[in-house]
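*Asks:* This is what each chain is made of:
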Amino acid sequence: MLGTFVFALSGAAAGVKRKLDFFGIMAVSFAAANSGGIARDLLIGATPPAAITDWRYLAVSLAAGVLTFFWHPAIHRLHHFVLIADAGGLALFAVSGAQKALALGLPPVMAALLGMLTGIGGGIMRDLLLNEVPSVLRSEIYAIAALAGAAIVVGGHLLVLPPTTMAIAGALVCFGIRLLAIVRHWHLPAPASQAQQHSERD
Amino acid sequence: MLGTFVFALSGAAAGVKRKLDFFGIMAVSFAAANSGGIARDLLIGATPPAAITDWRYLAVSLAAGVLTFFWHPAIHRLHHFVLIADAGGLALFAVSGAQKALALGLPPVMAALLGMLTGIGGGIMRDLLLNEVPSVLRSEIYAIAALAGAAIVVGGHLLVLPPTTMAIAGALVCFGIRLLAIVRHWHLPAPASQAQQHSERD
Amino acid sequence: MLGTFVFALSGAAAGVKRKLDFFGIMAVSFAAANSGGIARDLLIGATPPAAITDWRYLAVSLAAGVLTFFWHPAIHRLHHFVLIADAGGLALFAVSGAQKALALGLPPVMAALLGMLTGIGGGIMRDLLLNEVPSVLRSEIYAIAALAGAAIVVGGHLLVLPPTTMAIAGALVCFGIRLLAIVRHWHLPAPASQAQQHSERD
Numbered sequence: 263m264l265g266t267f268v269f270a271l272s273g274a275a276a277g278v279k280r281k282l283d284f285f286g287i288m289a290v291s292f293a294a295a296n297s298g299g300i301a302r303d304l305l306i307g308a309t310p311p312a313a314i315t316d317w318r319y320l321a322v323s324l325a326a327g328v329l330t331f332f333w334h335p336a337i338h339r340l341h342h343f344v345l346i347a348d349a350g351g352l353a354l355f356a357v358s359g360a361q362k363a364l365a366l367g368l369p370p371v372m373a374a375l376l377g378m379l380t381g382i383g384g385g386i387m388r389d390l391l392l393n394e395v396p397s398v399l400r401s402e403i404y405a406i407a408a409l410a411g412a413a414i415v416v417g418g419h420l421l422v423l424p425p426t427t428m429a430i431a432g433a434l435v436c437f438g439i440r441l442l443a444i445v446r447h448w449h450l451p452a453p454a455s456q457a458q459q460h461s462e463r464d
Numbered sequence: 263m264l265g266t267f268v269f270a271l272s273g274a275a276a277g278v279k280r281k282l283d284f285f286g287i288m289a290v291s292f293a294a295a296n297s298g299g300i301a302r303d304l305l306i307g308a309t310p311p312a313a314i315t316d317w318r319y320l321a322v323s324l325a326a327g328v329l330t331f332f333w334h335p336a337i338h339r340l341h342h343f344v345l346i347a348d349a350g351g352l353a354l355f356a357v358s359g360a361q362k363a364l365a366l367g368l369p370p371v372m373a374a375l376l377g378m379l380t381g382i383g384g385g386i387m388r389d390l391l392l393n394e395v396p397s398v399l400r401s402e403i404y405a406i407a408a409l410a411g412a413a414i415v416v417g418g419h420l421l422v423l424p425p426t427t428m429a430i431a432g433a434l435v436c437f438g439i440r441l442l443a444i445v446r447h448w449h450l451p452a453p454a455s456q457a458q459q460h461s462e463r464d
Numbered sequence: 263m264l265g266t267f268v269f270a271l272s273g274a275a276a277g278v279k280r281k282l283d284f285f286g287i288m289a290v291s292f293a294a295a296n297s298g299g300i301a302r303d304l305l306i307g308a309t310p311p312a313a314i315t316d317w318r319y320l321a322v323s324l325a326a327g328v329l330t331f332f333w334h335p336a337i338h339r340l341h342h343f344v345l346i347a348d349a350g351g352l353a354l355f356a357v358s359g360a361q362k363a364l365a366l367g368l369p370p371v372m373a374a375l376l377g378m379l380t381g382i383g384g385g386i387m388r389d390l391l392l393n394e395v396p397s398v399l400r401s402e403i404y405a406i407a408a409l410a411g412a413a414i415v416v417g418g419h420l421l422v423l424p425p426t427t428m429a430i431a432g433a434l435v436c437f438g439i440r441l442l443a444i445v446r447h448w449h450l451p452a453p454a455s456q457a458q459q460h461s462e463r464d
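Protein chains in written order, with my numbering: chain D, 263 to 464; chain Z, 263 to 464; chain P, 263 to 464.
It should be emphasised that the hints constitute simulated quantities derived from the structure, not laboratory data. These numbers come from a predicted model, not from an experiment. Hints are not guaranteed to be accurate.
Where chains are identical, the list cannot tell them apart; a pair therefore holds if satisfied intra-copy or between any two copies.
[Claimed, not checked] Within a straight-line C-alpha distance of at most 25 Å, the following computed DMTMM-like cross-link-like pairs (lysine to aspartate or glutamate) qualify:
1. Lys362 x Glu394
2. Lys279 x Asp316
3. Lys281 x Asp316
4. Lys362 x Asp348
5. Lys279 x Asp348
6. Lys279 x Glu402
7. Lys362 x Asp316
8. Lys281 x Glu394
Assemble the whole structure, with the sequences as input and the hints as a guide.
*Replies:* Here it is, written out as structure tokens:
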């Protein structure tokens, strides 16, 4: 639920910057907080998704949206706190997403990737709705942190290690990698520069 | 079916303005008319969606697309008629979407929201395909009208009122709010202005 | 699998041009190669989709992504080969998509359209993630070639002709139309020019 709340905050803050109206900000809050879980549930056939049947996801998302709508300058000042909370949300979503995929019998590699998708899907939908290239595709260590956390959960499952311990370990690793990436400005490599810059797509 | 037709008209008209080719206009017509219902059906697990198994949705969508392709100046002149018809489509989609979600046993709040999604989903997909921020997120009383209509259907269900009467009431309320919003230029509030205008997203 | 590989190449090449990072290029490779099949499987209720449960789709997609990441100038020089391979991928996806939809009992027209969607869905998702209007909606004979190939498979099914022969015929027709369209610069008609150019959307 904390993860849902901070992801909704990130969606609402992005909506405020794009000058959406009240409904738009609520919609992007909900989408940013719940699209990852909804995408995972649709892909594994667990319909209707929990975000649709459990009203608490909606309530938490809207609370974050209303808060941001009225106090967005304050939330902007809390920028660093929101970034840390977002890293926490990413860790919780990646771990719980991987656990749910394992429980439904998906193969290990796919369970890890679905954990990652649970973590990053909300941000992708937020950016698509706001007509931007998803930031997770462009820079920063974000998806990789989610993948590492999810992989630890899946690895523990394969080695029959205690699930709760591995879940905590996975969440801490994801959270730690993400925080270090923020503090140290880590980036993934981009492809080498090209001669054909700005040429039309084929 | 009238709702499908006018939503397809709105998609085709938007496609003509963005200079899509014949196939693109047909595709956006179909997406604008049917994405809301398809999204609702995927979320509640009612697969395959009616828009995929019942050829009439396709036929009506393509008819609207062909009409717009050849006579788009005339349809542009019918601008006000299309706006009114679109309000009618919104009302019909919101009410029928809420009814279908209730019939599948979803909780009341979620049934109302899925009714709204059925009404607005097509426009969102149309705008995503045309690379624009969905207009429903930015301005105008549109989603709220759909939500009001869907909420009346759900409220009637909770109070065990006659479903047909409540469906008609919900559709009329949605249609009325939307028409009033168009005539009186109602808007939802946007967030208060910001110091950090045009700053990069975090 | 060849289709998956060349579609992933097209996604990765587009990602390199938009200066995504390593993860972004892998993600767009996978999305471009598998979104068509995933969309089809979600619509017909065949969850989890094969692209999620069978690790080979992932492996082939990532291989194409890594190849493009390191050798994209070479792949750019192979431009014409990639276009031809893409036409082959389109043919294979359209035919296999139509076969799967028929096997699940969808009506003939819808099976043909789902075959087409299997072929074009990856390119649509690739362009949405890169914040562009999907190229398949704007120009060139692409979706129509996929539809023709899928329609031949469906027509053969209706006439109880030998499925393998019809699948080969459908794939050849799709491949041939697409290659001819590239060589001869065929385009679909766009709507007649308009007075209200660049006017705001309604």
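*Asks:* Each hint should be assessed against the structure and marked as holding or not.
*Replies:* For each hint, the structure was consulted:
no.	hint	result
1	Lys362 x Glu394	neither (30 Å within a copy, 33 Å between copies)
2	Lys279 x Asp316	neither (29 Å within a copy, 41 Å between copies)
3	Lys281 x Asp316	neither (29 Å within a copy, 39 Å between copies)
4	Lys362 x Asp348	within (21 Å within a copy, 36 Å between copies)
5	Lys279 x Asp348	within (18 Å within a copy, 29 Å between copies)
6	Lys279 x Glu402	both (21 Å within a copy, 18 Å between copies)
7	Lys362 x Asp316	both (16 Å within a copy, 18 Å between copies)
8	Lys281 x Glu394	both (14 Å within a copy, 14 Å between copies)
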